[in-house]
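K.L.:
Spelled out from the first residue to the last, the chains are:
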Amino acid sequence: MPHMTDERVRAGLTHEEDLSLLHEVSMKTAGVSRLEMCIQCGTCGGSCPAAKDMDHTPRMLFAMLRAGMREEVLRSNTQWICVSCYHCVVRCPQEVHIADVMYTLKGMAIKEKLYEDSTAPDFSQTFVDMVETYGRSFEMGLASRHYLRHFPLRLPGMMPMGLGMITKGRMALMPKKIKQMDQLKKILDHAKQLEMTS
Amino acid sequence: MTDQFEPTIIGFTCNWCSYRAADLAGTARMKYAPNVRLIRLMCSGRLDPTFVLRALSGGADGVMITGCHPGECHYIEQNYKALRRFLLLKRVLTGLGIEPERVKLVWASAAEGAKFAAETTAFVEEIRKLGPLCWGKDEDGRMKDDEDIGNSSIKIHPSSFEKEVPA
Amino acid sequence: MTEKIGVYVCHCGSNIAGVVDVEDVAKWAAEKLGHQGVVIARDYKFMCSSLGQELIEKDIKELGLTRVVVAACSPHLHEKTFRIAAQNAGLNPYLVELASIREQVSWVHTDKAVATAKSKAVVSGAVSRVIENAPLEEIKVPINPNTLVVGGGIAGIQSALEIANAGFHVYLVEREPSIGGHMAQFDKTFPTLDCSACILTPRMVEAGTHPNITLLTWSEVVNVAGYVGNFNVTIKKKARFVNEELCTGCGICQEKCPKKVIDDVYEAGLGYRKAVYTPFAQAVPNYPVMDKENCIYFEKGTCKACEKFCPTNAIDFNQQDQLLNVEVGNIILATGYDLFDARRVSNYGYGRLPNVFTSLEFERLSNAAGPTNGNIVLRDGKTMPKSVGIIHCVGSRDRNFNNYCSVICCMQGLKFAHLVHERTGATVYNFYIDMRTAYKAYDEFYQRVLEEGTLFVRGKVAEVTDAARYSNERGKLIVQTEDTLAGKQRRIPVDMVILSSGLQPRHDAKEVGKMFGISCSTDGWFTEKHPKLDPVATMTEGIYIVGCAQGPKDIPSSVAQGAAASARVLDKILQREVALEPIKATVNKEMCSGCRICNGLCPFNAIAFIADDNVSEINPALCQGCGTCVAACPAGAISGTGFSNEQINAQIDGLLMKNLEPVGA
Amino acid sequence: MTHVKPKFAMYWAASCGGCEIAVLNTHEKILDVDANFDVVFWPVAMDAKYKDVEAMEDGSILLTLFNGGIRNDENEHIAKLLRQKSKILVAFGSCACEGCIPGLANLSPVGEIVHTAFNTISTDNPHEIYPRTSYDVPEGELHIPKLEKTLRPLDHVVDVDYFMPGCPPESHQIAAVLDLVIDVLHGRATLPPKGSTIGVGNSTVCDECPRARNVKAIKEFKRIQDIAPADPDLCLLEQGIPCNGPATCSGCNARCPQAGAQCIGCYGPAQGVTDYGARLITAFASVIDAKEPEEIDRILDGIPDPTGQMYRFSLPASPLKANREAFKAK
Amino acid sequence: MNKYLLYPGCSMESSAKAYMESMNTILESLDLHFEEIEDWNCCGATEYLGINLIPAYSLIARNLALATKQMHPVNGTGGTRTVVAPCSACYLNLAKADHYMNERPSLGEKVNEALAAGGLHYEAGTLDVRHLIDILVYDVGLEKIREAVVHPLTGLKVVPYMGCMLPRPDYQHRWSDHEHPTELDDLLRALGADVIDYPLTTECCGGHMTQIGPETAFELIRRLVADADERGAQMMVTVCPMCQMNVDAYQNEMNNYFGTDYHIPILFFTQLMGLAFGKEPGELGIGVELVSSRNVLAGIGVEVPVTQEPAAPRKKDEGLPMPRRWTKHEGRKETVK
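Protein chains in written order, with this note's numbering: chain A, 1 to 198; chain B, 1 to 167; chain C, 1 to 665; chain D, 1 to 330; chain E, 1 to 337.
Don't read these hints as lab results, they were simulated from the structure. Note that the Cβ used here is the ideal one computed from N, Cα and C, for glycine as well. Check each hint, because a few of them may be wrong.
In silico EDC-like cross-links for lysine to aspartate or glutamate, where the CA-CA straight-line distance does not exceed 16 Å [as the list claims (entries may be wrong)]: (1) Lys31(B) / Asp111(C); (2) Lys176(A) / Glu38(E); (3) Lys510(C) / Glu6(B); (4) Lys185(A) / Asp39(E); (5) Lys179(A) / Asp39(E); (6) Lys28(A) / Glu109(E); (7) Lys488(C) / Asp122(A); (8) Lys177(A) / Glu13(E); (9) Lys3(E) / Asp31(E); (10) Lys476(C) / Glu230(E); (11) Lys52(A) / Asp483(C); (12) Lys514(C) / Glu77(B); (13) Lys192(A) / Glu109(E); (14) Lys176(A) / Glu13(E); (15) Lys179(A) / Glu38(E); (16) Lys52(A) / Glu215(E); (17) Lys168(A) / Glu13(E); (18) Lys186(A) / Glu113(E); (19) Lys658(C) / Glu646(C); (20) Lys192(A) / Glu219(E); (21) Lys476(C) / Asp227(E); (22) Lys28(A) / Glu103(E); (23) Lys185(A) / Glu113(E); (24) Lys176(A) / Asp39(E); (25) Lys168(A) / Asp31(E); (26) Lys589(C) / Glu208(D); (27) Lys177(A) / Glu38(E); (28) Lys52(A) / Glu219(E); (29) Lys291(D) / Glu77(B); (30) Lys168(A) / Glu38(E); (31) Lys177(A) / Asp39(E); (32) Lys80(C) / Asp483(C); (33) Lys658(C) / Glu6(B); (34) Lys488(C) / Asp53(A).
Which chain D residues stay away from chain B? Per the calculated CB distances, all over 12 Å, these [what the hints assert, rightly or not]: (35) Lys5; (36) Gly18; (37) Leu24; (38) Ala35; (39) Ala45; (40) Tyr50.
My request is simple: use the sequences and hints to build the entire structure.
P.N.:
This is how it looks when you write it as structure tokens:
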């Protein structure tokens, strides 16, 4: 069968030393990112419901990726503002997997500790910690811990809502735990190892 | 030259697309693995499975078949016919104990010199990994050293057959 | 008989000799391939030079060579050269083989030893093959001087007129009731802003009245048989229910017809026509057709208003479809394009938001003879827009839809901007990805529109919505986009949005292509023989493609192609006969079992089954020589010239030859 | 014509014996053999010793019908012996021509074959005793033939004059060939050129098959037992049954398709064809009505054992004579 | 009985309990049987993907691997390869893992290597991951739903809110459109509700931004609620726990932030289906929403259904005709009438 051409070949990259930031991001993204295909049309920036809060529109970010502006890209809040609504993904005329690239950029920014505001990475980490402890997410613990840490002044304002949720039975006070937590742990530990080595 | 195994590969190309892609790779001076020797057909639809079997039994370690992209055949849709034969041929080869990866189908348009070069190099690497086909050319119809059937346990050692090596 | 083979290895200056040890290749061939019949092997600086050719000719004559192998460049470059040289020396040209050691060896490899060894293998393959080559003769067939032109748009009209003016007969077939095509729908043409009708109508009339043109409108080709020079085409002349002999084109029937129908074709769905109609006032021919689906009489059995009022009794409800057979030598396809269906880009709201228009709708809106008499108004039919957004690349340059550039949209967008500005004074925005204004006087037009004050926003529009976010957006259409030059998202409220919809292949292009035996690209456009050097011919001899059938293009290019194809046709006609490549398949009737496996394989319908003899037969004139049937015949009963099993098997064996080491080393 | 009758021999190497039965099935024609020939060697029909043959003058046997493939050294020895002693050596039947069913053993290494035969569920062999090529017995050393790595058709071992395919050859064809040789003996006919395939038609089975045929477009291959009932008058391949008729040499009067079963290809390839399997691959691939690889693969799943389908009779005669493992086996 | 494997997702057990309850209540009327995947774990929402690629996909794939163990027929029940996820985020994560493990085999291999540490394996393409509404509209069918309606929701003015993660990116081409899918509209219409065209139907609710960047989220919620209000909707109807949570629980905070006073209740479509099927509000988890739907539902509770006003006849000078209704086009499902 004619099989999928290797992404690197399509990107015109045949040697290891050609590794650029663009390529690195591309390789770290789940599917085939098609980042190299961006024509800077702005469909993504135009489609984004949260664009006004971003430092750079996704399109601009891709141009910066190409220019190898590593630090500026990873410090940008763009990837953290992304709400994963996939509007840009389905509209992109070049079928760039924008949302997945955003995930990649988040991961890279965390690893290299290049983020300006720790709220979002912390939230993700807290969430992940919960999942790794219980196997399920725990909204109550997550929300309260997160607000306490980052928006303590807002907490009183949010209290009626939280109380409402609790009194209506919509917030469990105790986390649920899956049965085979040890199995999940083994899987995740091994996956993390693989992540490190790949 | 190093000691690494250098496979011999026969490539069948379509006159209208992949042969021209090979020409283009040449014109653009793209470098690729020298192990492929090309045969021009008017169309990938001309590819008779006999050719592949003949190449493999005659000393080729792999066969690369190239044609126009689906929907772009110069003879309208003959490359689909090549595709069907290819898929069935691979199944038969598997039954004959030949790794189906030794036969590869690549779509390459006349403009895809780079693709032709890249696919060729990649294929040579794949075949290199598979190793020599080691297909016995038993000119007298006989294995080189038949051995006795053993005494009390299996002692039949049709020794591994060596590929004919140029003197 | 033993062959006497000459092998000629070209240095191509240093192109080959720089990487391949050409002397060694020649010496090796003489020594190691002698048993195959190689009697002479030479190397030479430039084999294709006249001196090089003379060298071969001399050897053929003096040494009595029966086969020649030239190891040089790609056969696509110089196969013909060496074949002619052989012919000059009295050797059948098909007994020459080219071994490509430049494109396939010296230009793509660097190691001299490896390249030299590979060259030897390639030469060995060619020598083995050439022994099996058979002398072939070109096939000559006479050319019928009549021509068929399919499609009566500007490209088809141009083609027909050129050939007719040269004194040869043309059948011009058009599926709609009138010729004129898309161009007849336009108001102005860019960049000169000529009135479309003013320049087109005279040509339509000329085509309609030309003594050498048989105009067949409301007709479609349903079958094509035969081959270059001798096509037999069946044309379905659909029932018009109007007797063309009697009709004077007075128009009373249209006036009296009580049934109003939305006109999807000519008015782009923006206006109405009657059930009996001519699509527009200047239609050629001028007699109407009756739309059976919508006619009250056909639906309910009563009405016949048209018949009652027709002064010449031209209405004939009993008319039937007719099948005509015409014999032609060449065919020009000018079947045009379909407009991209803008509903598919649902984020632009076409079909949901009333004031989003397509380009074709706008053409009708701005046309003085259109449904609004040229007034540019909103869908309510009266309000003039105060602000208009024109969106480029709708459905084009987008992998979700069509991945190609539709070529005309940028200039069309500029034209619309000018017309809106001129007629309404509205603020106009053009939303574009890249402005493509190549060609004569196009960029100057861009400058002019800039001067007029049209605003340009670089960004592919993300969406058009009526969901207002702020008060200034209420009741407007909001065009949301990233202004990529400012790097910010913008929401621009406008009254009207025009979608510069792309062009796409006719919905039935695949079937039409199949009927005429030509192929379509992945995008669906008809494939030309060569994108640069043979843009109007196709892989099927005698069939030409012009205008948008071949790919998106504007009017000047369509007209140029129409003229170009006509020149090619006239060239064929004047040659009186045509030579066909002798690469053909033939069936050995003795061996054929009539299993019919090959029957479904030929896309050119060259294989016929003769039931009486229980054998299949190949028509050599229709056969294009692809060889698929040769490879498929399970009985081994089909053989192919030029690429026979023997030739290819021999080449495989030759290529796999061992002992490629230098001689005398 | 002298009063001495010309000599006739027939031999049975690696095969099932069906060919011998087919000769007997010529009924009274067998008497013509006796009337016209002096039968000197025919192990299945009369007693004769190898040494008797060895003692004959070279070329003294006029006609030898040799059936069976070459699987062991005894087969090979006799093949060479009979070649030496015969004027006309005919590879008789599919085994001798192409290897036939015994040739399918080429898909396995010989060690595996022996192991399967002597020490798997089919054989009670608690002491794991395997045959030896020589035994010391009180009477002296005893030799039994040793297996070769692969089975070879006759012409891979000796020069063959004529090929007569079929599993077995149809009796009417045998009769026709005997008639021809007798006519030649009486000077009424001449022999066909050496190397010819005899007792066959010059086309493929479809030529003799009475079933109606159209342009074929197969969406699904099915086994014949899964179609109930198959259309008795329509081409079987057209009904999705993988019938080998299109690629198989004619001459059998399309016996199987006439009887409602698909042709399985015992008559081998049509004349001039080098690889039977390749012809069948391209025949089946040509009738598939699909363009997408997944769809094509789905259709091909209907042919469960493609290698067996393509090479049931002709594996040892194919350019790829055997499974690669059979060659490489230790 | 049509069997499916169910992946409920964490929210269904807490904040979206009402969704779970109402779903379970209507299953029987539609002859559906959902078998929960045993010991499923969290899909990681949008958080895990942003931290570690392979662990994230391994986390998701564990669920898929577990599901394959329950694919086969047991005790006379039919087998199935379809996994139903009622939560849009869960649906997307599961579908995405399946898709990418296939699109990039190297990822698939690594994920399987990780799964192997827990004795599991998942072959991409084995399962069919689908959202609840997909099952209801395309498997059960609107006809059957219409038949089950005993209490049409006539007069209830609703806007259908599909949210973003359900119709996009749509790896399997399941939806009629990415921008304005009509599945929810059609379903609500089948229940007799008065469905208002809602251009923002697939806009984002803010997702996790309520937690990490509330200003951004509030603006998105405002847009949704304001437009629904402007169009005269009494209620929003959703298919996603996250959408429900954000629009419902944060509506008040949003009002505080912008100084507005919106009160648009948002219910799950299954709750409305339950009402239409004649179930009691209590069985359907109605009443636990923070923006109460009591007043709105009172409007349809007992009253005689309002007959639809006949459309006004077209006037001569009404203007130019609109393009024809949406037609089927390549690669998308045909709009359900």
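K.L.:
If a hint holds in the structure, say so; if it does not, say that too.
P.N.:
Hint check results:
{"no.": "1", "hint": "Lys31(B) / Asp111(C)", "result": "holds (11 Å)"}
{"no.": "2", "hint": "Lys176(A) / Glu38(E)", "result": "holds (14 Å)"}
{"no.": "3", "hint": "Lys510(C) / Glu6(B)", "result": "violated (45 Å)"}
{"no.": "4", "hint": "Lys185(A) / Asp39(E)", "result": "holds (14 Å)"}
{"no.": "5", "hint": "Lys179(A) / Asp39(E)", "result": "holds (6 Å)"}
{"no.": "6", "hint": "Lys28(A) / Glu109(E)", "result": "holds (15 Å)"}
{"no.": "7", "hint": "Lys488(C) / Asp122(A)", "result": "violated (28 Å)"}
{"no.": "8", "hint": "Lys177(A) / Glu13(E)", "result": "holds (12 Å)"}
{"no.": "9", "hint": "Lys3(E) / Asp31(E)", "result": "holds (9 Å)"}
{"no.": "10", "hint": "Lys476(C) / Glu230(E)", "result": "holds (15 Å)"}
{"no.": "11", "hint": "Lys52(A) / Asp483(C)", "result": "holds (12 Å)"}
{"no.": "12", "hint": "Lys514(C) / Glu77(B)", "result": "holds (10 Å)"}
{"no.": "13", "hint": "Lys192(A) / Glu109(E)", "result": "holds (14 Å)"}
{"no.": "14", "hint": "Lys176(A) / Glu13(E)", "result": "holds (9 Å)"}
{"no.": "15", "hint": "Lys179(A) / Glu38(E)", "result": "holds (9 Å)"}
{"no.": "16", "hint": "Lys52(A) / Glu215(E)", "result": "holds (11 Å)"}
{"no.": "17", "hint": "Lys168(A) / Glu13(E)", "result": "holds (13 Å)"}
{"no.": "18", "hint": "Lys186(A) / Glu113(E)", "result": "holds (11 Å)"}
{"no.": "19", "hint": "Lys658(C) / Glu646(C)", "result": "violated (20 Å)"}
{"no.": "20", "hint": "Lys192(A) / Glu219(E)", "result": "violated (37 Å)"}
{"no.": "21", "hint": "Lys476(C) / Asp227(E)", "result": "holds (14 Å)"}
{"no.": "22", "hint": "Lys28(A) / Glu103(E)", "result": "holds (14 Å)"}
{"no.": "23", "hint": "Lys185(A) / Glu113(E)", "result": "holds (14 Å)"}
{"no.": "24", "hint": "Lys176(A) / Asp39(E)", "result": "holds (11 Å)"}
{"no.": "25", "hint": "Lys168(A) / Asp31(E)", "result": "violated (30 Å)"}
{"no.": "26", "hint": "Lys589(C) / Glu208(D)", "result": "holds (14 Å)"}
{"no.": "27", "hint": "Lys177(A) / Glu38(E)", "result": "holds (13 Å)"}
{"no.": "28", "hint": "Lys52(A) / Glu219(E)", "result": "holds (11 Å)"}
{"no.": "29", "hint": "Lys291(D) / Glu77(B)", "result": "holds (9 Å)"}
{"no.": "30", "hint": "Lys168(A) / Glu38(E)", "result": "violated (27 Å)"}
{"no.": "31", "hint": "Lys177(A) / Asp39(E)", "result": "holds (9 Å)"}
{"no.": "32", "hint": "Lys80(C) / Asp483(C)", "result": "violated (55 Å)"}
{"no.": "33", "hint": "Lys658(C) / Glu6(B)", "result": "holds (13 Å)"}
{"no.": "34", "hint": "Lys488(C) / Asp53(A)", "result": "holds (10 Å)"}
{"no.": "35", "hint": "Lys5", "result": "holds (34 Å)"}
{"no.": "36", "hint": "Gly18", "result": "holds (24 Å)"}
{"no.": "37", "hint": "Leu24", "result": "holds (31 Å)"}
{"no.": "38", "hint": "Ala35", "result": "holds (37 Å)"}
{"no.": "39", "hint": "Ala45", "result": "holds (29 Å)"}
{"no.": "40", "hint": "Tyr50", "result": "holds (21 Å)"}
The earlier numbered hints that this structure contradicts are 3, 7, 19, 20, 25, 30, 32.
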